[in-house]
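Based on the hints, put chain B with the ligands in the right spot on chain A.
Residue numbers (the working numbering), protein chains in the order written: chain A, 1 to 351; chain B, 1 to 532.
Honestly, I wouldn't trust all of these hints.
A few chain A residues that face chain B, going by a derived Cβ cut-off under 10 Å, partial list only [unchecked claim]:
{"#": "1", "residue": "Ser-6"}
{"#": "2", "residue": "His-9"}
{"#": "3", "residue": "Thr-11"}
{"#": "4", "residue": "Arg-15"}
{"#": "5", "residue": "Glu-71"}
{"#": "6", "residue": "Thr-76"}
{"#": "7", "residue": "Gly-116"}
{"#": "8", "residue": "Met-117"}
{"#": "9", "residue": "Thr-239"}
{"#": "10", "residue": "Ala-291"}
{"#": "11", "residue": "Thr-294"}
{"#": "12", "residue": "Pro-295"}
{"#": "13", "residue": "Val-343"}
{"#": "14", "residue": "Val-344"}
{"#": "15", "residue": "His-347"}
No lab work stands behind these hints, which were simulated from the structure alone. No residue lacks a Cβ here, since even glycine has one placed at the ideal position from N, Cα and C.
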Amino acid sequence: MTMVVSSPHRTRGDRVARLMLLVIGCTAPGMATLMSFFGWGVMFQVWLAIGAALATEALCLSARGRSPKRELKDFTAVLTGVLLGLAIPPYAPWWIIVTGTAFAIIFGKHLYGGLGMNPFNPAMVGYVFLLITFPTQMTSWTPPLSLSDAPPGLLDSIAVIFTGETMDDRSLNALRMGVDGFTMATPLDALKVDLNQGLMISEVQQHPVYGAFAGAGWEWVNVAFLFGGFILIQQKAITWAIPGGVLTGIFASSLLFNIWNPDAYASPLFHLFSGGTMMAAFFIATDPVSASTTPKGRWYYGLGIGVLIYLIRTFGGYPDAVAFAVLLMNIAAPTIDLYTTPVVYGHKQEH
Amino acid sequence: MAWHLHGFPGGIHPARMNKSPAVDNPIESLPLPPHLILPLHQHSGEPAIPVVEVGQKVRRGQLIAKAAPGRSAAVHAPANGEISFIGFHACPNDSGMHEQCIGICTDEEGELDEDEFVDDISLTEEEMRQRIAMAGIVGLGGAGFPTEKKLTRHGTKYLIINAAECEPYISCDDRLMRERAPQIVEGIHILARLLQAEKILFAIEDNKPEALKEIALACFETDIEVVVIPTKYPSGAQKQLVQNLLGIEVPSGQHSTSLGIVMYNVGTCYAVSRAIAHSEPLISRIVTVTGDAVQRPGNYEVLIGTPIEYLLQHAGVHSDKLRRVVMGGPIMGIAINNLGAPVTKLTNCLIASGPGELDEDLRARECIRCGDCVEACPASLLPQQLYWHIKTGAYERAENLHLDDCIECGACAYVCPSHIPLVQYYRHGKSHLWLRQQERQKAEHAKQRFEARQARLEREKEEKALRHKRAAEARLAAAQASEARATETQPAAKAEPDKPVIEQHNDRMSEVLAAVERARKKKTDPDAENKS
Ligand code: SF4
Ligand code: SF4
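Pulled out of the complex, with its shape left as it was, chain A reads as follows:
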């Protein structure tokens, strides 16, 4: 007889791996949409990221005297890779994603003691590292295929990522050319530049990169991530508190400014469906390790991320603010926990 003397004798089971797989699986709609709008590059980045994440994780685990064979199976490193792979420009050179992922796993995770101990979201640590170290490559987004002057094919995608040039010797910058002959920026980027030039929102929105309501391609990418997020909630992999907080934060702050001056501040709809909003809300902010853990705290934590995303997007120096917002709120999480400790049973009267 195996004698496990302690109760409980039956649990819901070993779920970390299942949970991670579910989350990875739920990124699929978003990933597919991203690919359909931006091409094969997305997939290669994700593959590279997964490979780099697993290799780095295995190295770190061995270096720390743990069993890579056992612990790699929890899929946490894979998830970090997937999220980072989805977050960077699809045609960035291969070494960008590899260094970024390695940095994320080493500095974002293992230097703090590995799974469960890291105060910061590893994927976002990697992202910010890349953004600061390689700003050009990290902001070199190609336009959606439909708006592109010369959309890259499968082989071109591989070539650009690995050699910097397509099969017919076009550079990444050439790929970034739009049909109108201008180098394209992401909608968030373009919005910032145009507004700085004194244009009004209504004028800015005439530009094709803005799409129907929040940026060509980006609106559907966000819808797809939202869909994946709903599955996560339905599967009870996450609760609504953090994503609800993030979306409420973005919605409320953008609404406030939009009402105050609709000419200078984009609508809530634009902000909710632009850039990495939905991916941040459902897949990044919900990383349990670095988030707040109390029921109320999670709501505030999400809200903080939402507000920060809006503020940094609107007033900060970087176009998309997800990584900064998440890292800043990571710092605040322990304090939030401290002030949102639930009232324990039998202690009502103290309050």
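The following block gives chain B with the ligands in isolation, referenced to the frame of chain A:
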């Protein structure tokens, strides 16, 4: 009219409740085992005190160990037989430690004694109390609180009957309700009368429709309100049930009785009815025997003291399939290491698990701070922070987060995706804090004793000083008086005040020595004279 439920936070819905295999069969009586082992400690409180001797013949229902003073419960012989030993024996407990037991070699004849029927109307309340106390009845839901100790007469607002039976697998109460609802209700009436309860609530989870039907029937046109509560673990935990039914929390560190709320398990009510109506002490109980390793899962009426092995064999246990035997439910139950241990008053369920049925070697991983445990905790604690603090030895922090209010329900550990044995950590933390508190108390006592001693010494010193002072004053006064007298009558004759003290001393010394010498001479001289 439906009772308004208030609900309680947290809780879990364990998949595969596994009630069905056992609950479908009627209660079956177990044949008389050849020997019975009766632990003296089958309840919370002090162990009972044996009143029999080895070799003594006992009859069914005879008192063999009386309740100790304070909180304790009596033990009776479940069958006719002879006392075979009084001493340590394996018992179903967490620690695997042997405990004091009384053994009985049963004899077949006379086992079927007719029950003595007593009309409870003829008993006074005092007599009823007496009889319940004498019957050795304890809370059969698992806590084992001696029943009669909760029968305080005054100010009982609510009498709550707990039929939630919320752990998976367990179905003894379910079966009891289906088959013996009228007796249960009779027991409830007896308790209600003794408690003079203002309101009686009967709480049952909605996963037992058949039992509910029987109970509703038996309660028809009585003042018992049957309340159906949703199936959720731990609905049957005392504090959570109070919160769910009444919307109030039992303040931390208090018992529900202090709020005028008394709770009994259905099995206990049945035992009370047996004690009053049949003068039968608590000598048997219903035990659910289930699990993949038994052929005939079911609910068995088992004499207290029956070896677990005997019961399992009767239920057709496959020893090659057997992986683990758990007493109680899969979430809070304890693993039984020695199957020679007996069924006690608190054995509600035995799970003989087969391969893969219960968790086997799920090694704990790191906490990923997913917060699932926070959502599951019915006490609104922060289980993962408690775990963290205890793990790092920061017991005070755990204490500040109200570790003491953890009811050890195990809901958190059930949901933990990293399979961390959280409850073990909490028990460890609690025992650590308890030990420290003991030490602190001891230190406090020692300090008090020390201070008391210091004070006493101080006082004695003062008193002594005072005495000396008085004596000195008295002496001084006397000396002055005598001096006065002396100066009046005779001048200092012998005193030579001018001579140094040391010389005076030497003078006196030489006088003494001279005297001693004289005496010696006087003594030796006659001897010498005699000899010569
Ligand atoms: S359920 Fe387990 S892994 Fe999740 S926070 Fe609680 S202790 Fe950590
Ligand atoms: S065992 Fe304690 S901490 Fe865990 S859920 Fe139950 S009451 Fe909460």
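Results for each hint:
no.	hint	verdict
1	Ser-6	holds, 5 Å
2	His-9	holds, 4 Å
3	Thr-11	holds, 5 Å
4	Arg-15	holds, 3 Å
5	Glu-71	holds, 8 Å
6	Thr-76	holds, 8 Å
7	Gly-116	holds, 4 Å
8	Met-117	holds, 7 Å
9	Thr-239	holds, 7 Å
10	Ala-291	holds, 7 Å
11	Thr-294	holds, 7 Å
12	Pro-295	holds, 6 Å
13	Val-343	holds, 6 Å
14	Val-344	holds, 4 Å
15	His-347	holds, 5 Å
Violated hints for the displayed structure: none, as all numbered hints are satisfied.
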